[in-house]
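*Asks:* Let chain A serve as the given structure and place chain B on it in line with the hints.
Chains A and B supply the protein sequences, listed in that same order. In terms of the working numbering, the first sequence is residues 4 to 79. In terms of the working numbering, the second sequence is residues -7 to 155.
These are calculated hints, taken from the structure and not from any lab test. Take the hints with a grain of salt, since some may be wrong.
Here are some chain A residues pointing at chain B (derived, C-beta under 8 Å) [as the list claims (entries may be wrong)]: (1) ALA6; (2) LEU10; (3) LEU16; (4) PRO18; (5) ILE21; (6) ILE22; (7) PRO51; (8) TRP53; (9) ALA56; (10) THR57.
Please read all numbers here as calculations on a predicted model, not as lab measurements. Using N, Cα and C, we set each Cβ at its ideal position, and we do this for glycine too.
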Amino acid sequence: MEADHKLDTFGLLCPMPIIKTAEKMKEIKLGEVLEVTADDAGIKEDMPAWCKATGNEFLGLEESKGEYRVYIRKAE
Amino acid sequence: MSDESAKKKVTIIVFSGDLDRVMAAFIIATGAASMGFEVVMFFTFWGLNVVKKNEGAIPAQGFLRKMMSRMNRGGTKRLPLSRMDMYSVGRRLMKRFMRQSGVPTVDELMAMAKSMGVKMIACTTSMGVMGVPKEVLRPEVDTVAGVATYLGNASEGNINLFI
Chain A
4 MEADHKLDTF
14 GLLCPMPIIK
24 TAEKMKEIKL
34 GEVLEVTADD
44 AGIKEDMPAW
54 CKATGNEFLG
64 LEESKGEYRV
74 YIRKAE
Chain B
-7 MSDESAKKKV
3 TIIVFSGDLD
13 RVMAAFIIAT
23 GAASMGFEVV
33 MFFTFWGLNV
43 VKKNEGAIPA
53 QGFLRKMMSR
63 MNRGGTKRLP
73 LSRMDMYSVG
83 RRLMKRFMRQ
93 SGVPTVDELM
103 AMAKSMGVKM
113 IACTTSMGVM
123 GVPKEVLRPE
133 VDTVAGVATY
143 LGNASEGNIN
153 LFI
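Chain A with its partners taken away, still in its complex shape (with noise of 0.2 Å):
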């Protein structure tokens, strides 16, 4: 999937991720894409849940060997 703007939280535990998407999310403009990469396991079922607290939309995750990438996308 194609994003606007990229994070990399590799190496980052919990609640660092989510954190740091909070930030980035307030810079982008409504509509893009932001893509989060990750290797902590736990941003499977957090950010959906981030999502789902704060309205944003939850595009889709891809896993491979331990690394995670989120789409998601800037609704409010």
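*Replies:* What follows is chain B alone, placed relative to chain A:
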């Protein structure tokens, strides 16, 4: 679109002064703040040790309170583990593990929490009982208050925790 229109609120009573429990409290606080929740933390009893300045003497009145302050100096750099502290060996190992795993320190978590608008309140009754004057509190503490303030906040809270 969010299905709730009102902003969610989290209150956390930090009663413990243990490193592991305090880390959990701040991880929940910063996580909640990153999800757009309003977060208020109340520091009482041993939790006051988290919000005492790390440096400087604690002025205390009376022999017994002075002894207490010496045995319970507090400050984020002196928090023990709740288990296996082993005369401070345990906490040093735990801090090393956390550093190696890239987990932020209590001070770093506190700074993040403040930058995200988390409110920190110290309990006046505990301060009186344990001889902790206002001047000893860190600048991160927004105000001092009593149980009515806590209950007012908690009655609006969607999530109220006692750590």
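*Asks:* Take the hints in turn and mark each one as holding or not.
*Replies:* Hints, verified against the model:
Hint on ALA6(A) is violated. Least Cβ distance to chain B is approximately 20 Å, over the 8 Å limit. The interface hint given for LEU10(A) is broken, as the beta carbon of that residue sits about 13 Å from the closest beta carbon of chain B, more than 8 Å. Nearest Cβ of chain B to the Cβ of LEU16(A): about 6 Å, under the 8 Å cut. The hint holds. Here the hint on PRO18(A) is kept, as its CB sits about 4 Å from the closest CB of chain B, short of 8 Å.
Contact between ILE21(A) and chain B, as hinted, is supported at the beta carbon level, the nearest pair being about 5 Å apart and thus within 8 Å. Hint status for ILE22(A) relative to chain B: holds, with the closest Cβ pair at about 4 Å, below 8 Å. Nearest Cβ of chain B to the Cβ of PRO51(A): about 12 Å, over the 8 Å cut. The hint is violated. A cut of 8 Å between beta carbons decides the hint on TRP53(A): the least distance to chain B is about 6 Å, and the hint holds.
For ALA56(A), the suggested interface contact is upheld, since its CB lies about 4 Å from the closest CB of chain B, less than 8 Å. A cut of 8 Å between beta carbons decides the hint on THR57(A): the least distance to chain B is about 5 Å, and the hint holds.
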